[in-house]
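Q: Listed here are the chains, written in short residue letters.
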Amino acid sequence: MAASPAERAVRPLSSRRGLAWLLAAPLAWLSVFLALPVAIVFSISLAQQTLAMPPYTPILVWDAAEGLRVNVTLEHYAFLLEDPFYLEALLGSLGMAASTTLICLLIAFPMAHAMATAPARWRALMLLAVVLPFWTSFLLRVYAWTGLLAGRGPINQMLLALGLIDSPLPLMNSNLAVQIGLVYTYLPFMVLPLYAALDRFDGSLLEAAADLGATPWTAFRTVTLPLVWPGVVAGSALVFIPVTGEFVIPDLLGGADTLMLGKVLWEEFFANRAWPQAAAVAVCMLLLVALPGLLRAAWEVVTELRRSAPAPAAPRGDR
Amino acid sequence: MQKGADVAGGAALELRSVSRRYGEVRAVEDVSLAVGAGEIFCLLGASGSGKTTLLRLLAGFEVPSAGDIFIAGQRMNDVPPYRRPVNLMFQQYALFPHLTVAENVAYGLQREGLPRSEIRTRVGEMLARVALGGLEGRLPQQLSGGQQQRVALARALVKRPRLLLLDEPLGALDRRLREQTQFELVNLQESLGVTFLVVTHDQDEAMRLGSRIGVMDRGRIVQVGTPREVYEFPASRFVADFVGSVNLIEVANLVAGPEGWRCEALALGCRLRLPAAPLPGGRTPVAVALRPEKVRLSVASEGGATAVENAVAGTIEEIAYLGDATNYLIRTTTGVPLRATCLNTAHVAAEGLRWGDAVCCDWPAEALVPLAE
Amino acid sequence: MRGALPRSRAALLGFLLGALFLWLPIVSLVVYSFNASKLVTVWAGFSLRWYAALWQERALLEAAWLSLCVALMSALLATVLGTLLALALARHRRFRGRLLVGWLAGAPLVMPEVLLGLSLLLLFVSLEQLIGWPAGRGVTTLVIAHATVALAYVTVVVSSRLERLDPRLEEAALDLGAGPLAAFFTVTLPLLAPAVMAGALLAFTLSLDDLVIASFVSGPGANTLPMVVYSKVRLGLSPVVNALATLWLAGVLILALIAFRLWRAARTSPDGV
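From first to last, the protein sequence lines are chains A, B and C.
At position 36 of the first sequence the residue is numbered 676 (this note's numbering), and the sequence of numbers has no breaks.
At position 348 of the second sequence the residue is numbered 386 (this note's numbering), and the sequence of numbers has no breaks.
At position 114 of the third sequence the residue is numbered 660 (this note's numbering), and the sequence of numbers has no breaks.
A couple of the hints might just be wrong.
[To be verified] In silico negatives: residues of chain A with every beta carbon more than 10 Å from chain C:
(1) W702
(2) A705
(3) V710
(4) H753
[Unchecked claim] Only pairs whose alpha carbons sit at most 25 Å apart, straight line, appear in this in silico DMTMM-like list of lysine to aspartate or glutamate:
(5) K332/B to D212/B
(6) K584/C to E608/C
(7) K332/B to D279/B
(8) K778/C to D703/A
(9) K332/B to D362/B
(10) K778/C to E706/A
Source of the hints: derived by calculation from the structure; they are not laboratory data.
Every residue, glycine too, gets a C-beta built ideally from N, C-alpha and C.
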């Protein structure tokens, strides 16, 4: 950071020392409680399972005879490949995440569109209608579905009363229930970025497109979609990533055949006490899920650096 | 509204060979300037000419790479902005959005640690002075553009600075409001006696406000003078072209005579007689400037060219009727365009000259300004 | 001048259906909390007995208190650290390691909860083995874990506000005689306050709502409200949980109402938006 002497005098936070002051505490915190844990997960995924507490052998062993010995194994990764159970869980997770993202997108787009075009006095209310469920306890909202979908719950009772079915449908503990729960929980995460993107969208562009001969569908495809695409991407990431690792919803609403990575990791850890195996699952999950996100974040930082690269401290004009 | 420059009355501001470079970029280059107390000095330049950087150097947000800045006789190079006897009225005002009008104006006085009662009186006086009485409790965004401008002015002036820097003070106002505000600004300046340094890209604004104008180009001040001097006697082709509208005519084959120079304007295909006034440094002119309003237009008489010198024939190619004046573009016989402006002093319904008319243009020798660069 | 998007009836219908979908389960939770029957699915008349029963559930009440404490402490920590980080990233566009810091700050946003929970627990276990701290798991580990995750959210919220903050406002303060520190505290910080508050609120809610990470990093005797609710819910439907949900919703509604009022009042301010 090449701050000019003036900047140093004027904005102490902009100096190198200012940076050190600002960065010291958060950076130390993130290093110890975020970077280090990920490293530890990685190392423990290479450790051997034992019956002690904690249930894994140390990676580095000090031996009087042999000196320092590295005690690692790849058996947990090998096991991930051997047992089709894990592959199924992985595919189940990715499938669920993809379908949830798609369904959320389909429901959220009209909602966001309606919000962005509503009169100003209605907007705040509509925003609240979407945000408030999101602020209500996630666990309690999932719990609500266990009641609604129960064998003698309101949905089955209504269907029975209407004569559409003769006996209650087994809605609970099924993949359908999990799908409903996931869409329900993550819908606001899709609506909000889409709304933000559509709200910024200049409607006169559509008039310009129409004037130049575009049909509404063409205009949507060639003008609206490219311009709100960042919102679509953001919303999809906000839905897809957490769904892949979701545990509570498949646990409460799903059945025995619901296989998802988050649940597998949880059960390896809590039920089987197989910490190294859980860590191996975690490393795979990290690679699969977080890597695209991290790469994207890195790309953003790089473009930002590139954009600010030829930046002499030239006075900034009006915004 | 031009007032005599009073540089002798003690320089409020003096710059000695001030430069500011960012790596290879020379934002301000070797600027020397003295501004007298009580002056309104306008820095006029296109965007990127370095005028804003110069302003920021004076306010203390930038440090010169070379040279010295003196304000009221004191060297300011290393003094941070909050210890300079200078205040800046920001472009777009930079009013604190979380503070009311009164709080905005009081902000600078509170920083001085003045007693509450004094702050209240001074804020009240200043707001009354800029006709904002009654709006003390409003937030900036609840004000009109003109009111915001006056708050910004009051906030800077209430500190009683030796020197007030104004960055495009009228730039954010619409045209009608701008003219009215110009007068208010000058009146305020006269009654308070504060030295103003105004940065603007608008030559009209500079001419109306400034007791003197400094024209900036690529980091340098290329001419300093009263508005009349800058307009009537531009020092270079750049200044002539930047301030007002002008015909620039390249000249050759100069012959110095007793009544001035005689030369040829090859492009126009005519001979010119220039006034006798010598150029600084005894240099010879390479071009002359001719303001369009100094060109006389007359219907060409049968038989072609009339005068031998300072006249040219042509046809009218474009006419722009502006109400008070009409601008003509004349295609001369050599094919070079010449601009002429005629004041519409007579109240007549009929159009005078028409598109395609053959005309004769001529001008007095004094209208030609010899330019050495 | 920006043009408006054309309104669409179909989209409005879509919104109403979507809102119905979002609210129906919540309404059903509230309705059945007033059900006299123990069977959550059968309506047997109005009653407040489950609210009385809720009051008797010591475990739930203790967990609620613990959750509130953890949420408050972690929100405070996350807000301070996140604001510092946002300032560092906003004021310093280029420094060696900015990329890495950006990654670290953004990572919790893209990491599944089970991952964060597992990695933090393994850290605490390893640290305890190595240096004896933290001794066991409980409130301390909960606060650390929640603060770590919330830090990322606070950084994002505060950064976006900082980016839209006009740098000339701080310059104006300096020009008017405020020293750098005074300028920061009288201009920058007040203008940043809404974002900092929003970040703090988000951190608080995230902590209060978290089940997965808490299940990993908490220890015996330190059960948060979601943990207790989860163990009850796993055993089947319980009207007491409905009563709890209703109270929770009422709390959120009241908070939202206050926030809405504040937002309306602040909307006249320009930086709002």
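Q: What hint numbers does the structure not satisfy?
A: As far as the earlier hints go, 4, 5, 8 and 10 are violated by this structure, in ascending order.
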